[in-house]
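Starting from the structure of chain G, add chain S where the hints point.
Protein chains in written order, with numbering that gives the first Met the number 0: chain G, 0 to 452; chain S, 0 to 452.
Rather than coming from a laboratory, the hints here were simulated on the basis of the structure. Just to be clear, a hint being listed does not mean it is correct.
Any copy will do: because identical chains look the same in the list, a pair fits if it lies in one copy or spans two.
[Said to hold, decoys possible] Subject to a maximum C-alpha distance of 35 Å in a straight line, what follows is the list of computed DSBU-like cross-link-like pairs (lysine-lysine):
{"#": "1", "residue 1": "K145", "residue 2": "K70"}
{"#": "2", "residue 1": "K449", "residue 2": "K30"}
{"#": "3", "residue 1": "K88", "residue 2": "K60"}
{"#": "4", "residue 1": "K2", "residue 2": "K348"}
{"#": "5", "residue 1": "K146", "residue 2": "K70"}
{"#": "6", "residue 1": "K195", "residue 2": "K95"}
{"#": "7", "residue 1": "K1", "residue 2": "K95"}
{"#": "8", "residue 1": "K95", "residue 2": "K243"}
{"#": "9", "residue 1": "K121", "residue 2": "K147"}
{"#": "10", "residue 1": "K70", "residue 2": "K195"}
{"#": "11", "residue 1": "K449", "residue 2": "K70"}
{"#": "12", "residue 1": "K1", "residue 2": "K348"}
{"#": "13", "residue 1": "K143", "residue 2": "K290"}
{"#": "14", "residue 1": "K60", "residue 2": "K195"}
{"#": "15", "residue 1": "K290", "residue 2": "K203"}
{"#": "16", "residue 1": "K88", "residue 2": "K449"}
{"#": "17", "residue 1": "K60", "residue 2": "K147"}
{"#": "18", "residue 1": "K1", "residue 2": "K243"}
{"#": "19", "residue 1": "K243", "residue 2": "K147"}
{"#": "20", "residue 1": "K214", "residue 2": "K348"}
{"#": "21", "residue 1": "K60", "residue 2": "K70"}
{"#": "22", "residue 1": "K195", "residue 2": "K87"}
2 protein chains.
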Amino acid sequence: MKKLYSDIVVIGGGPGGAICSVTAKMTYPHKEVMNIREFEHQMVPCAIPYIFSDVLGSVEKNLISCGMADKIGMKTLVGRVESVDLEKKCIYLADKEVSFDKLVFATGSTTFVHSSLKPSLKYDGVFTVPKNVEYIRGMSEYIKDKKKVVVVGTGFIGIEMAMELNSGDREVTVVGSREYILSNSFDEEIAQEAHKEMLASGVKYIANDRVVGIKDNNGVVDRVELKSGIELEAEVVILATGYKANSQLAEGLGLEFGHYGGIVVDEYMRTSNPDVLAVGDCAMKRGFILKSEIKTMLASTASSEGRIAGMNIYGIQNLRNFSGTIAIFSTMVGDVAFSSAGVTEAMAKIENGATVSAIFEGSNRHPSSMPDAQRQVIKLIATQNTGQIIGGQIIGGKETGEMINMVGMMIENSMSIYDAMTMQVSTQPHLTSAPPAYPIVMCATMIASKLRS
Amino acid sequence: MKKLYSDIVVIGGGPGGAICSVTAKMTYPHKEVMNIREFEHQMVPCAIPYIFSDVLGSVEKNLISCGMADKIGMKTLVGRVESVDLEKKCIYLADKEVSFDKLVFATGSTTFVHSSLKPSLKYDGVFTVPKNVEYIRGMSEYIKDKKKVVVVGTGFIGIEMAMELNSGDREVTVVGSREYILSNSFDEEIAQEAHKEMLASGVKYIANDRVVGIKDNNGVVDRVELKSGIELEAEVVILATGYKANSQLAEGLGLEFGHYGGIVVDEYMRTSNPDVLAVGDCAMKRGFILKSEIKTMLASTASSEGRIAGMNIYGIQNLRNFSGTIAIFSTMVGDVAFSSAGVTEAMAKIENGATVSAIFEGSNRHPSSMPDAQRQVIKLIATQNTGQIIGGQIIGGKETGEMINMVGMMIENSMSIYDAMTMQVSTQPHLTSAPPAYPIVMCATMIASKLRS
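Bound conformation, chain G alone (with noise of 0.2 Å):
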């Protein structure tokens, strides 16, 4: 047994473990700072669906290597923790014991099927779509010749694997629960959108039913059983069902649980154990509204998270600025971007919130008549009386993916519509909107107006 020693170490090498260590690693330059990852190299976790799709087309194409390790004096060790115990202050992998001064959890999460349909996953042709690069190389392999395929769950993975796949004569179709597709991110009115552009590419969706059962001929699934009595054909079934934190390693050593197994943790990532924090999926996480725990699971907060542990863990040095997790997500159905920030309408209302919101249409370019305009939709959500903004919601082009972070970023300092109103930007006729046409700064002014009258 080898005996190893690290002031800092980091178990997970995704995008949590990676930048936690990394910016521990800048931020006290005189510590070691270990990283244990399973893997030598780790997948783009958000690009694994364009993996089967000609966009990237290979599991390679979606490998990427910490090459700012070495650079920064981090070290890094490849294998398997199989313990940790925290009297000692040490861990455990098969061949050697890495003993620290201060521990991070950044484990991740792992794929979750409801128990019903978990026996199905032994045959030939049902999958999940975990973060484990030989497990995505193969279920490439075994999709690449069928034609046949059914999706459970309409989240961004769901819906962005039943896009990819939906090509030449494949026939695609998703279930979902739901009326439309990403009706937990989106608001009806605009998850009716993607869900129109989902239909237009061809892919197929049964509403507002589940998955009752998932046969085999002889080992290798057959077909789908839903509630309402149809029977689907299926050749490759994708349970795109979510994600639960992979926490496992963290029980028994008196840790404290939330309800959905993420580890609890304060706004520096520290956990009730003074010298241990938790990063990521694996991590508890709260909404900004009621302080509740919420479910959100997102590499971009991982990073967020990872940064934060790694620049306070020997102190506070950075204060929070903001509590809770904002939940900014974006994907594409088909040639449009659809993107989210904080909370929407629906959701703030079951938490109680009184808000006030207002739709804009207008176009990412000026005049809308240049190459590649496309239509911009935004929709702002903000507290009734003070006009804070807690959620806003975007369609158009690609520039949708770095316009909702400017949404996110006024959510997480409490800006309100009134500060929108007044701000500065940058218009051109290639890259956005007319400026008096901007599109969050309109969208800011009606809820101003409904405000007044």
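The following block gives chain S in isolation, referenced to the frame of chain G:
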């Protein structure tokens, strides 16, 4: 003489005037608002260069009409204001007079040409780039079959004109007084890249030189003589040497003017006369470090000022939270977008600012093997000691136009690199960089390292 009255009269139909009128009407629905404009149709000012190439191809494709005016009950009058009497609170057109309670000057800017070159404007083939539909239409017709074009000036309009005119067998040469183009808006290392893009497209550049003479042949332009002794054959000369405040109408009324001719206004766009405001290019601008006078003239700035004037014209009800003009611009040079917000490092040094900066280089997609991935470079400039963000410059794809608005928002809200380091962002393979390598965050992190060491 027809006599009219309107509570609020706004002179000028450009972005500042239009948005001021709309905002005033929306804020004070019971007040009458009249917008007086010289032309029925306005051009999008920053899209003028694209009229000269296939991008738009005609003046008609660049016309906008203020469709919102009728809908909200605002009045529009097409005509030229000939004089103003502030004692009688009345303005005069050829056949009408309009008395008012509040008056807003939004008379924009006109082209600036050095006095030594003014005589050459009478030659056929010598042009400026005014915001005048008929002029631009004629100019576009004239240039169509001409092969030798000389552009004088290296600002956005000059470079965009040069790039758009550079097609087929036309030869375009730019003459500038600096080593690289766009050097007022970008620090050298960024300007250099825009420069390289322009040269790669085939446009020629003559650096560190200046025009001393423009010669004709029977009233038709023939050649341009430079200080260095170089002579350039020219069928067309475009003097893109800047704009000046069009504030003549406001002269002799007891108002104050800045060094560059702009009407002096306070933070709420009010002149020294309590009932008179000015917005946009005709109003004086101040930078936000030393609050000294600057020359920035942008439609987006005019829009922001129009909104501030419109909503506060009958008493301040939305406090302006930022003093000064940020100057956010973007442009495309070839397929690469260049954006700038706030001050350049060079300008900060001139204004006596102690700064620290960093440059981060990454990709605008992740993994960078995604289709249409482009190199993304960001430079952030922060104050020494406090790390407050005071400037940013970005090179990248079309997302750059919205990313720079995020940087602008950080500047306007006095955010620091420490705020940037913990910000939550959305990332998506088709739309943004990778979550752990989000460039604004990375650049802020690099500055933080420098400040620590």
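Structure-based check of each hint:
no.: 1; hint: K145 <-> K70; verdict: neither (44 Å within a copy, 55 Å between copies)
no.: 2; hint: K449 <-> K30; verdict: between (55 Å within a copy, 18 Å between copies)
no.: 3; hint: K88 <-> K60; verdict: neither (38 Å within a copy, 69 Å between copies)
no.: 4; hint: K2 <-> K348; verdict: neither (54 Å within a copy, 53 Å between copies)
no.: 5; hint: K146 <-> K70; verdict: neither (47 Å within a copy, 52 Å between copies)
no.: 6; hint: K195 <-> K95; verdict: neither (54 Å within a copy, 53 Å between copies)
no.: 7; hint: K1 <-> K95; verdict: within (5 Å within a copy, 94 Å between copies)
no.: 8; hint: K95 <-> K243; verdict: within (28 Å within a copy, 72 Å between copies)
no.: 9; hint: K121 <-> K147; verdict: within (19 Å within a copy, 72 Å between copies)
no.: 10; hint: K70 <-> K195; verdict: between (47 Å within a copy, 30 Å between copies)
no.: 11; hint: K449 <-> K70; verdict: between (54 Å within a copy, 16 Å between copies)
no.: 12; hint: K1 <-> K348; verdict: neither (55 Å within a copy, 55 Å between copies)
no.: 13; hint: K143 <-> K290; verdict: neither (44 Å within a copy, 63 Å between copies)
no.: 14; hint: K60 <-> K195; verdict: both (30 Å within a copy, 30 Å between copies)
no.: 15; hint: K290 <-> K203; verdict: neither (37 Å within a copy, 59 Å between copies)
no.: 16; hint: K88 <-> K449; verdict: between (58 Å within a copy, 33 Å between copies)
no.: 17; hint: K60 <-> K147; verdict: within (26 Å within a copy, 47 Å between copies)
no.: 18; hint: K1 <-> K243; verdict: within (33 Å within a copy, 74 Å between copies)
no.: 19; hint: K243 <-> K147; verdict: within (28 Å within a copy, 66 Å between copies)
no.: 20; hint: K214 <-> K348; verdict: neither (40 Å within a copy, 72 Å between copies)
no.: 21; hint: K60 <-> K70; verdict: within (23 Å within a copy, 52 Å between copies)
no.: 22; hint: K195 <-> K87; verdict: neither (57 Å within a copy, 59 Å between copies)
The structure fails to meet hints 1, 3, 4, 5, 6, 12, 13, 15, 20, 22 from the earlier list, while all remaining hints are met.
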